[in-house]
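Trainee: Produce the entire structure from the sequences given, and follow the hints as far as they go.
Using the numbering used here, the first residue of the sequence shown is number 812, and each one after it goes up by one.
Since no wrong hints were added, every one of them can be taken at face value.
Mimicking PhoX-like on lysine-lysine, the simulated pairs with C-alpha atoms at most 25 Å apart in a straight line are:
1) Lys1660 x Lys1125
2) Lys1322 x Lys1199
3) Lys1679 x Lys1593
4) Lys1199 x Lys1314
Because the hints were derived from the structure by calculation, they are not lab data.
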Amino acid sequence: MPRRTVRTTLDRLRTPGRLTGFLKSASICVLIAGLLSPLTQATATAAPASNDYCGGQCSDILPPGENGNATLAQILLNQAFGTQPSHAEDQLGPYANLATGYSGLTDAKINTFFNDASFGVPSDQVASTESPAGRGDVTIVRDKKTGVPHITGTTRYGTEFGAGYAAAEDRLWLMDVFRHVGRGQLTTFAGGAASNQGLEQEFYRNAPYSEADLQAQIDNAVANNGARGQQALADANAYLAGINAYIDASDSGRYFPGEYVLTGHKDSITNAGTIDHFKITDLVALGSVIGALFGAGGGGEVNNAISLIAAQSKYGVAEGTKVWESFRERNDPEAVLTVHNGESFPYATKPADAQGEALPDAGSVTTEPLVYDATGTGASQSATAASKTATTTALSSARRGMSNALVVSGKYTASGHPIAVFGPQTGYFAPQLLMLQEIQGPGISARGASFAGLSMYVELGRGQDYSWSATTSGQDIIDTYAVELCQDDYHYLYHGTCTAMDKVERANSWKPTTADGTAAGSYTMRVWRTKYGPVEYRATVGGKKVAYTTLRSSYMHEADSIIGFQMLNDPDYVKGPKDFQSAAQHINYTFNWFYADSSHTAYYNSGDNPVRASGVDAEFPVWGQAAYEWRNWDPATNTADYTPASAHPNSVDQDYYVSWNNKQALDYTSAPWGDGSVHRGNLLEDRVKKLVAAGGVTRTKLVQAMADAALADLRAEDVLPKLLKVVNSSTVTDSTVADAVSKLQAWVSAGAKRTETSAGSKKYANADAIRILDAWWPLLVKAEFQPGLGNDLYTAITNNLPVDEAPSATHGPTGSHAGSSFQYGWWSYVDKDIRAVLGENVQGPLGQKYCGGGSLGSCRDILMSTLKTAAGTSASTVYPGDSLCSAGDQWCADSIVQRTLGGIKHGNISWQNRPTFQQVVEYTSHR
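Mentor: This is the structure in structure tokens:
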């Protein structure tokens, strides 16, 4: 009998008050007796795998735990008493403890903080073995320590059936949530909380697919990929059969996820209600969500145009353009690079003479409405705010791309074998978006992490003698077109013909449930689609009415990447770095891919990079006319010519690679702003470069480099010393400022980290200095730049790039308690400006000197004044508190929360800025 059941429904299912009321009206004893499924599975032995070439030196970790399912009884016990289902959070403690334990790390202690990621399960560590649905061609073995499923099949169908069954065992509710997110139907499924409304709106705006659209993407992916396409379809169908077999078994056995009861889909007493089977189009809906979150670089052209117009209005066309370009930092010479050997990979570079630009008339831009006919809580103030945030997120080029990688060639390691520490930052959720698994079957041999509901293959992990991982790359695969309107607001000129836009709608309604007490409401989401993609804005250009549309190269191609993942799992395909790069070339989302085996390292930047028409500047909107379309673009299939693999940043056996969503290579323009002289990638670059220079790198040293960077405050490490240099350019006589300077300097000397005084103290060392910098940064940035830029231009550039992204809740776009920090901010601008004022050499300087108008004395006065204000700002103001933290609780404000996507809650952990899923690998041999 299967094991447990899920608990999850997006940030809003966490409603302790509602659940407490429910507990009062239900008999806990009856529920526990009737719903807590037994874990009685026969134990069996499993010998260590003979196809493992890592020599016990592969490790991984994925908090909070493998078990993302919880029965209703388990959810009620968790809400009432804090008890956890088995394996729901047993990886959270080891993950959290690295923050205070890394300084004493040794190779022998690595698996104190990570899992042993060897293939197979030792016989004395087998917790359970099952043959899903009684099949004789697949077994699922789970280990005692983590409960990770190790799926072994004798047939390909059976292997994938087992993968689907295990996925449903561990993440059924989460999979169901996200298939509804991908279809824009979350509120109808999980409740009308404002956050649910915002989430479905964010994704529906960018991927407004009909059922026919979803099916067509599958058909095209299969048709265009020969035998591998047919195999992918067969694998997907077997995977779905496994998921649906578990749904049927858990429904009849009444151990399905308890969230189905709490959201009104099942009755806890009669078992009435239905859990819908999964179908193949659900996989595309799921894939569209993941692709939009982590693999879709670009967009933001309208915001770019607005800030350019503001710059030109302030300074005149020529000087304004120069100033704008200096802040854009398309190809900043001081930016940290992943491929740092000097090789150039030009892409989306500034044309000498831009053609086809369609910049809006000043003040004419309006965002295209998405929500219509709202009633009840669909029209509330909180709903409106959530909708506005969702729109901003959906249309921004600063997407939630995260993750990091540290990879060192064997030439510089103690063993002579390459070492890698890498993984994706996918946020912190309960249950986690990713799940761990091992899959062994005909043509598949891998262990690692996959997104729930897409785990027919391992997406990030290891094969028999190689490991791979990814970071979000963010190069521009999204362009904005201005289509001239004709007849009315819903017709446009396409190649000279007045053409009707397609209207795509999704009508949603909801009512209160035990999990989400939001009162009844409804609305319709409406998207107008053109051949150039969905309409996102309206404006005038030279007095003509236009709609601005966004076209993404992966739009209508959400299923295409399955072939690349299939190849990465195939031991007969990947036998070395070139095979790895070939596999990554089949992934159409924008990622940086990294590879390590016992002898080689490699890197490849994936994505369908469209070949733009000559003279088109990818930074700005262009006219929707044939002359400015992607080369050989076919609107019926949204296909075009793409840049060849050799034009993508790639490398084999470079001395080392680092990536933290920084710039990939010389002349390779990244879509997000902020790739300048100071980037969080520098935190890795500085540490790994130093290790490589010394030689003798070990797994311990590379983990320590990652963990040390994970606690660093980027502003304090790389910018604060220069700010203090200005302040200290004359004697500081003000006692308040002098005290603040002393504290800040002591913090810098101590390493500029945000770390506890001791494990579990929940108090930061150098707490006052951290408070001062958190208060000072937004003040100093505004005082430094706003007077020179003017309010309009300053505001416009902050819309392109937020000022700050410190860990605490009120300091950046990532949001509270999310872990990932210091990706987006003005640190590079401050660094370049302050160095210029100090008279130091600056490559790629800003268009002007801003701090104090370029006067060192005036700049010092600004910094002194804002520092004094910051020093006097109370902790309760800097950290205002929220539902988890009291005002002034600095550690708590920074802390990481596993955001509830279901019914099970976990405690918060100390802040770290590191991958959610992470591998540590050093192979000892090769096939």
